[in-house]
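**Q** Combine both chains into one complex, guided by the hints.
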Amino acid sequence: MEPVVCEKLTKRYGEVVAVQDLDLSVRAGEVYGFLGPNGAGKTTTLRMLLGLVRPTSGRVLLHGRPPGDLSGVGALIEGPAFYPYLSGRDNLRVLARYAGVDDRRIDVVLDLVDLTDRARHKFATYSLGMKQRLGVAAALLKDPQLLILDEPTNGLDPAGMADMRTLIRRLGAAGSTVLISSHLLGEVEQICDRVGIVARGALVAENTVAELRSGAGLRILAAPLDNAVAWLRLLLGPAAVAVVDGALDVTVSPSRAAEINESLVKAGIAVSELRTRERDLEQVFLELTGGESNGR
Amino acid sequence: MVGSFRAELLKLGKRPATWLLLGIALTLGALFAYVIPYLGATSGTTGATADRGLAATLPANIVGNTLGGYPVFLGALLVVLGVLFVGGEYGWGSWKTVLTQGPSRTTVLFGKFGVLAVAALGFVLAIFLMGTVASVLIALAEDASLTFPSAFDIVRGIGAGWLIATMWTMFGAVLGILLRGVALAVGLGLVWMLAVQNLISQLAAPLLPWVDSAQRGLPGPGAGALVAALGAPTGTPGVSALMGGGPATLVVAAYLVFFLALGAVVLRRRDIL
Ligand SMILES: Nc1ncnc2c1ncn2[C@@H]1O[C@H](COP(=O)(O)OP(=O)(O)O)[C@@H](O)[C@H]1O
Ligand SMILES: [Mg+2]
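Residue numbers (the UniProt record's numbering), protein chains in the order written: chain A, 1 to 296; chain B, 1 to 273.
Chain B extracted, bound-state conformation (with noise of 0.2 Å):
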């Protein structure tokens, strides 16, 4: 188990493609949570939102404001890692080199998981960090105060944003073994996060009450609520607050665990070609 789990981080550390997907995380979240922001606030626009959206990106807020971006677009990417890790094994073919070494299939999938869910904390870790510092920079530029959360509320903050990041590498992952490759499960992975759950909480919800209903147990609109409950600007897409923060949490961990479990069966199940 060990060893397999050390084998995942070496391919996932020395693999390109997780950095650049880092990089791109960290360029638009820099970009949508305080660059565009700080702009429109101090360009001269006047209103409320333009109040809020500097309050937003001040250090008080960190913790909310980083968490923004993972019900959908921070969100999307974990879930491009999750499949381009899982299901890379299928279009390289090395699956079948990897289980003659010797680990069991579970072992694998349980090592993969692991170092997504590590993959998963770093991102979260480099999210808060990257928010840190633009917040401290527009205070000091606008003389706002520098005050920051309490270590508890950035503790729970971290923790809420690597539950739900971890989910969602968990459904790429899943989507990878389920479709054998990359190239649907990408396609279809970010159809889901991009188009389907908007067109559910923006046009089906509102017109069927069932579906309003429904939706509180999809992933998404699970993730938008937690992060609504711990001060995620409602404005950014995906962040409401359908339920408090405790069952938005059992909702996210449950799909964490629903998807464990339905890859290690699947890829248990099925012969490897």
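Only chain A is shown next, with the shape it has when bound in the complex (with noise of 0.2 Å):
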């Protein structure tokens, strides 16, 4: 059973169209990245299926069953919302009534943000960074095996950021499904298995970070250059190679870098580098994106 599914699903506020015809599926035990510009769509998404926000049209399967039954389901949605007359530690109490968890689980989770120390004080006395925190322990009560974070690493130091990535990378290695979202490609590429492109409301692309990057090929340093741009245009077609920079920057898949050595050496062509060159994630992003954000 898929872990999430959304089908057509679409979301009007009054003339915006904030959703439009979206298909997702997330499978059990990946890390899902839900990557889009602001104003994307991206909260919205969330919110249907969590069961917060009522689609126009279109379906939402969480475990195989309309939103509404959240057990085993924990989630951050856009920003950490607490009380802030409570402690942190009074906060997630309260949280764990709701849910039916345990209290000893709140110790567990406040170590798990790396919390533990503050725990006492109120959450109105909290960095932007600690609410965040404070967020993904709460959506961690649970121990869901479906994580769904909104753009968790928002407020975060680049230190936080990469604690974060950590946790979730172990969540997953755990076995745990993540659907996380992010506008930046480059915070979730190193931990997500497959990424989601969404822009204007509709998904534009969904596939594995490896494959994303696919149009890869080759830089080459050889000389005489002109000969090598001639030679590589014969056995490659013309549009496949270019000059940058004095380099070669060849569009082929890398597993012929060997083979295209060979050939250029045995055209009395020196060759002083040969390296992979992957596409740049951000440039595919902004392609696919369109390159601008969406109303914000």
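Please keep in mind that the hints were generated in silico from the structure rather than gathered at the bench.
Idealized CB from N, CA, C, for every residue including glycine.
Heads up, some of the hints might be wrong.
[Unchecked claim] If the Cβ cut is set under 8 Å, some of the chain A residues that face chain B in the computed set are:
| no. | residue |
| --- | --- |
| 1 | Ala75 |
| 2 | Ile77 |
| 3 | Ala81 |
| 4 | Tyr83 |
| 5 | Ala99 |
| 6 | Arg118 |
[Stated by the list, open to error] Sample of chain A residues with no beta-carbon within 10 Å of chain B, all distances over it, derived:
| no. | residue |
| --- | --- |
| 7 | Ala119 |
| 8 | Thr125 |
| 9 | Asp163 |
| 10 | His183 |
| 11 | Gly186 |
| 12 | Ala223 |
| 13 | Ala242 |
| 14 | Glu273 |
**A** What follows is the structure in structure tokens.
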């Protein structure tokens, strides 16, 4: 049973179409990155998954059931929202009671997000990063099989971001399914098995990070340059070869590196450097999403 | 359901505003139901009101005298409590935090209603206790008799106070839901309690016969008639014997049920943003 399935999911707020005909499925045990610029419809989609917002049309299934039953599902949606007059620990005590979770779990999750030291202090006194971590702690209270995190690294400093990535990777490795949204590709590419890219409310690409990088090629330093260009164009076609900063940018599967090297050498061309060139993911992202944010 | 109730109880109990409101209710209650009438009666001012004032503050009249505040000023404080307790979830954006833990909206809301009912009982008992202490002190000071109302009258009075107090907290809770927040809900709730109700009964009802009959169907006059039937002094704002205790109880109870249902329906229908 797939943990998350959306079929033709659409949400309109009056004139504004926040999400349109979105199909999405997250497989059990994977870490799925839900990626898109601000205003793309990520939060709205996640709210529909959790039953906070009713879809205008389309269907949502969590573990094969319509939303409403959130057992085994933990979530942090669009920024942490807690009771300012309660301490971090008391906030979690309140939520543990709603969730029907034993109070002992509170110490475990506080430790997971490294907030034990400040748990006695009022939520109102927390920094943005601490609030965010308390939000993640709350999402982990139920020890969920499915964890939904909406931009969990917002407001964290670089060290906090790295900690968060480690935590998510660890949860993924432990078998939880994680659905994590972000507007920063760099933030999710290292931890996600697959990413879905959403722009203007629709899914524009869905792939593994490795496949998104495809279109990669080779970067070659060779002399004489002109001979090398001519030879490779003959071999691979004119469009496959470009000269960038005095080096050859060759669009070809990196697995053919050895073969190409050999043919260059046989043609009397000296190869001083040859390495795989990964496509810049940021560039892919910008191309796919039209390079602009929607609204905000 | 039990978990939600316990969660709400923790939130209410640890919230400073709860205790502040209770403190204000006790202070104002003591001041207007006991201290001022007592000082007025003993300061040498003569006349009927002065004698009646002293009698009202004696132990025999605790029930009526402590109930007098519920139609208007204690009611207003309870409306504020209800608004804060439910509207605050919008202000802090915490509905999503609560609901993603799993409970249904109805469960959470009825947990809140349950806790508000408990808080209302706490208010009523605290006010009654304050009244008892104050009246005994006055009786001792004045060498007056220490006779108390019958147990039945006390229980009936506390029950009536609890019904009215709970109804007002639910009124506040529903305003918080309808207006999705605290500020406007508190403002409009107080305008209703302190201004509109008075305008209707003092200004409109004497002029227009249909307003006079229609106001019997409003929560404030219902509460006023109920406490009047149980001996609240009729000089107190909002206390007026417009109808008997039975119909008045029905009016107040009907509003309680109406507010519960309205809150649940609206909260379930709307998106949580
Ligand atoms: N409650 C709302 N009312 C009207 N428009 C909304 C509402 N919530 C979101 N939107 C609009 O829907 C679009 C998607 O928003 P959102 O899902 O928050 O995007 P993201 O999380 O990807 O940044 C935006 O254009 C936003 O302005
Ligand atoms: Mg968002």
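**Q** Evaluate each hint against the coordinates.
**A** Results for each hint:
1. Taken as an interface hint, A/Ala75 checks out: its beta carbon lies about 4 Å from the nearest beta carbon of chain B, inside 8 Å.
2. Interface restraint check for A/Ile77: the shortest CB-CB distance to chain B comes to about 5 Å, inside 8 Å, so the restraint holds.
3. Hint on A/Ala81 holds. Least Cβ distance to chain B is approximately 4 Å, under the 8 Å limit.
4. A cut of 8 Å between beta carbons decides the hint on A/Tyr83: the least distance to chain B is about 6 Å, and the hint holds.
5. Taking 8 Å as the C-beta cut-off, the interface hint given for A/Ala99 holds, the closest approach to chain B being about 4 Å.
6. The interface hint given for A/Arg118 is violated, since its Cβ lies 18 Å from the closest Cβ of chain B, which is over the 8 Å cut-off.
7. Here A/Ala119 stays apart from chain B, with its beta-carbon at least about 15 Å from theirs, past the 10 Å limit.
8. A/Thr125, annotated as away from the interface, keeps every beta carbon of chain B farther than 10 Å; the closest lies near 15 Å.
9. Distance to chain B confirms A/Asp163 as a non-interface residue, since its nearest Cβ pair spans about 22 Å, more than 10 Å.
10. With a cut of 10 Å on Cβ distances, A/His183 stays outside the contact zone with chain B, its closest approach being about 20 Å.
11. The beta carbon of A/Gly186 sits about 27 Å from the closest Cβ of chain B, which is more than 10 Å, so the claim that it is off the interface holds.
12. The beta carbon of A/Ala223 sits about 61 Å from the closest Cβ of chain B, which is more than 10 Å, so the claim that it is off the interface holds.
13. The Cβ of A/Ala242 sits about 49 Å from the closest Cβ of chain B, beyond the 10 Å cut-off, so the non-interface label holds.
14. With a minimum CB-CB distance of about 52 Å to chain B, A/Glu273 clears the 10 Å threshold, and the non-interface call stands.
Going through the hint list in order, the structure does not satisfy hint 6, though it satisfies all others.
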